[in-house]
Amino acid sequence: MLEIKCPYCGKRSQNEFSYGGDASVKRPQLEKEISDKEWDSFVYFRSNPRGKHSELWHHVAGCRQWFKVSRNTLTHEIFKTAKINEEL
Amino acid sequence: MQRYSIFSLIKNAFSNHQNWEVAWKDSEPKKEYDVVIVGGGGHGLATAYYLAKEHKITNVAILEKGWIGGGNVGRNTTILRSNYMWDPNGLFYEYGMKLWENLSQELNYNVMYSPRGIINLAHSDAQLNVYSRRGNSMRLNGIDAVMLGRDELKKMIPFADFSPSARFPIFGGLMQPRGGTARHDAVAWGYARQADSMGVDIIQHCEVTGFDVQNGKIQGVQTSRGNIKTKKVGLCVAGSTSLLAEKLNMKLPIESHVLQACVSEPVKPFLDHVVTFGAGHFYCSQSDKGEMVMGGDLDGYNSYAQRGNLPALQHVLSEGVAMFPNLSRLKMLRTWGGIMDMSMDGSPIIDKTHIDGVYLNCGWCYGGFKATPVSGWTFAYTIAQDQAHELNSKYKLNRFNTGHLIDEKGVGTKTWIG
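Residue numbers (the working numbering), protein chains in the order written: chain A, 12 to 99; chain B, 587 to 1004.
Just chain A, with the same shape it has in the complex (with noise of 0.2 Å):
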């Protein structure tokens, strides 16, 4: 069982939250002209590490938050966790 640290409500265990992929996906910027390929790559692409991982997390049976979360992908450890505004 994984025990995260929502930024807003504290330290809660996994049942109450859902996964919500690869932090580090930008979606490309509206006023700009955007390529086919740069769509396909937020859209489809995604860094997969063993290791230390940049994932968003939803507090979906709580605050209802979208929040970011440094883990390891192989011992599931969870460095750090951080707003979505907020730098992990």
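Since the hints were made in silico from the structure, they are not lab data.
Don't take each hint at face value.
Claimed, not checked - Cross-link-like lysine-lysine pairs, in silico, DSS-like; alpha carbons within 27 Å at most:
(1) K833(B) / K37(A)
(2) K938(B) / K48(A)
(3) K917(B) / K48(A)
Chain A is fixed; fit chain B onto it per the hints.
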């Protein structure tokens, strides 16, 4: 190679089974190979076997960082089926079913193919409609499919919850009678034995640490047991695909997730078919030893740990109990996890890459085991001919750029959203 038969069994019985030949050699790496297959799981072993058998390429090495059959081919729930709706999937997996049907004879190794039928339960009228559409699509592709009503199902799976208080009442189901199970370890060992007998080198405890690429062409691989020259490399490494692709400067539409499975204590015959729950993600069958073999959803976050976490298992088994209430009385014997290479549209990739001589076989999601023969067969063709066979021509890597996704269920890595 010594052929297995009733006569070899009797002959060896006289010497207390002490004189059987080893089934395959634990080879040392040579300096150079025509083809190097990375990954000694089911797909890698099958690829090497079909390279030797169909394409007469026998100077082949299989590099396995652990031991053969120690990854996902030994960690699945052994289910075989081709009950897909879209043509690329239906035709591909159906070719695989035909290979399964004759595999024990072909490999001279009993893979215990058991066509016991796979039943997808429907819990609403709408779901029955969807299933009948899929069943019709299957039949148009020459795949066997039968719609079952509630009364027929009552006779076939009497222990399912047919009571008036069932949370998810059973309306009917879709069955593929030729679907079933096979003994997963035997598949790995059978392919290994035949590949070895045709000259393929199976090299265990040999991890690929890098690739030697010059002018866009592969020259060789660097391994924990030295450098090996080769002109062609095939990657069959399931959940580790992204890690090797990174060494080739490739980013893939793949996430690695852990999927758990479990078996119960053995009980008397209870379930004759493979049955899947329609109101969630749960599937089960009964092994020859009597254990209930069960699986379901991913844990739900990127993971390279080959073991899972309790919440996912609880979720999956609560679905199992909703379907078969008396499962709640069983004790669990073992649980384990494997690392799935989850592609973004839920369908596999068997293709060439932008590097000349590097071939990719990945994205199997939940369904790699049933594809073992056909994946090996088409991947061997792709490597030998340097082009995709018609069967895997839609499993392109660039379909995520061109928009030709094969979204069988409309779910990719975020399966819990579907």
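How the hints compare with the structure:
no.	hint	result
1	K833(B) / K37(A)	holds, 23 Å
2	K938(B) / K48(A)	holds, 19 Å
3	K917(B) / K48(A)	violated, 51 Å
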